[in-house]
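Just need the whole structure built from these sequences, with the hints factored in.
Chain by chain, the residues:
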Amino acid sequence: MDRREWPLWEVFIRSRNGLDHKHCGSLHAPDARLALQSARDVYTRRQEGTSIWVVRAEHIVASDPDAKAELFDPAADKIYRHPTFYVLPDDVNHM
Amino acid sequence: MSVAIADDLRAAHVDYLLRLGDSALILGQRLSEWCGHAPVLEEDLALANVALDLIGQARLLLSHAGVLEGHGRDEDQLAFLRAEREFRNVTMVELPNGDFARTVLRNFLFTAFQREVMTGLQGSADAALAAITVKSLKETRYNLEHAAGWVVRLGDGTDESHARIQRAVDELWPYTEEWFAPDAGDEALAGAGIALCWSNTRGAWTDAVTPVLEAATLVIPAGTAFRSTGRLGVHGEHLGPLLSEMQVLQRTYPGATW
Amino acid sequence: MYTQAMDIAAARGEDPAPGQVTDAGYQAEFDAKIDRGDFIEPKDWMPEAYRRTLVRQISQHAHSEIVGMLPEGNWIGRAPTLERKAILLAKVQDEGGHGLYLYAAAETLGVSRDTLVEALHAGRAKYSSIFNYPTLTWADVGVIGWLVDGAAIMNQIPLCRCSYGPYARAMIRVCREESFHQRQGYDLLLAMMSGTAAQRDMVQDAVNRWWWPALMMFGPHDAQSLNSGDSTRWGIKRITNDELRQKFVDATIPQAKLLGVTVPDPDLRWNEARGAHDVGAIDWDEFWSVVNGNGPCNQERLAARIRAWEEGAWVREAAMAHAAKSEARAAGGR
Ligand SMILES: [Fe+2]
Ligand SMILES: [Fe+2]
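Protein chains in written order, with our numbering: chain A, 1 to 95; chain B, 1 to 258; chain C, 1 to 334.
Listed next, the in silico DSS-like pairs over lysine-lysine satisfying Cα-Cα at most 25 Å (straight line):
no., chain 1, residue 1, chain 2, residue 2
1, C, 43, A, 68
2, A, 22, A, 68
3, C, 33, A, 68
4, A, 68, A, 78
5, A, 22, C, 43
6, C, 257, C, 247
7, C, 43, C, 33
In case anyone wonders, no lab produced these hints; they're calculated from the structure. Predicted, not measured: the structure shown is a model, and the values here were computed from it.
As structure tokens, then:
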């Protein structure tokens, strides 16, 4: 008998229109149709969602935590991207 | 709903609501037996959701039936204090769950039927019934989609799953005949714009279930002379034990509130 | 608690010595994160002992949720009103959801759900012993919600801030759902206490049977629980067994009074000096006996889980076969 485990799917839910889909957990399903249905049954029992995405976990490409320094630290010194970098005269500082 | 309904029409009306409500209740009772025992955790949650939908529908329908009946019986008195012969559910829903194939096939056949009936009831002159069906129809559409997916998965899956679900088709199909038998009460209610005749849903139901069964490579058995009669209050032998379990507390402790 | 057996493994010396440092740099970074109260995420480096401890704790927790469906599930079919039936079914369904979230959290540590489930079925993994007691009357449903879910919540709220991100997030979801469990249980008992004498007797009987097992849920006394050092540091265990137990008793006794029931402990006293209740001696022999498989329902609980799993094998297999066929057909049609 084929005892392979059902593949893992990651579930993303939009809690209401106007918001992004947000990762909320995972589940096992043999196919996309059931993955979507199970996501509804598992993760929206209390009206948590208006839209669901499911993605096979193996299809997600993730950044390497070891590369965190080169990926994210270079942004740290570009403080001129932030509005607070610029001190304007009081009269226009709400800009 | 007009207060001036003739008594016989009222009786047929109550009966009609009980057929729908009892069928939902008994199937909900059966499905809740799966809770904690399903083939995979995700299905534990899915089947419980279906059961919760059905119990919710039953509560609305029985409450409405109780009001219409006018003897002051609420949903619980109707559910827990009626005897077997007073239940009006179709026989198929009282049968034991059997295996997962039989469970999903029954869900599929019955929810497809529910969908046709509820679709027709949305314009009922009984405004309360119309409102109940508008709400229930959304649940039913989803539950049908979930069950249909499983029918195809099992029919197309492995030799074993195919054999199991084909056996379920062979065993359950004869119980569908009951749903479409002509009924004088139905006709009177249809004439008054309150209900639709179940017998009129056969075409749409057949059109709905046939493509799914075909996609699942399942064969519909030839007709037989067998007719179940649960909706007339004449059940098989499985309803009694089911009710003994379901009603035990209300029967054992009369007058208690829970 | 739901993960009581953790303490047990350590107490018996079954636990391998915690983490040999494989890489001093990584270890230092990990320690710094823990000290700052940062979260550890799945792909981050972590000491092997941390990973192993988490897998064991989270999976035991998940198993407890799943096995925990059975005692209350016993009463779904007999719930006395349709509303109570719906509430109980939704509650037991939630527990299945909790198991699912927790298995998912454990899977982020690189172990599959099937592997964890097989460990449960083979008797290698534990679940909370509380679920090895039988539910004998409808009042048991209420008492489980009130005492068992109540005890569980006490343990679980601190875990919402534990150091492992997926576990903490799962616990937030669990705790959000748990709040209704305890309340529905107490509500059910209030209804029974305002009913007939027979109903009140049923409630008192249920409290008598569940009180001590509920206190045992918090695990052995702190002095006997050896595994807490690392777990405390990692934020996986934030409050000790005895502290939690005390908190539970102090919160529960006034609720019992309001309900109109007593707890079966002749030595229970309010200790003015401590500002807390003194509790009588817990029968640890009973506790160990149940942990070791001799509780009233150990065999049945595990057998029910194994049966569901084995009888469902053909379903799971068929779904995979259909998915493979569908993919092949789609590829062929292209
Ligand atoms: Fe839970
Ligand atoms: Fe709970």
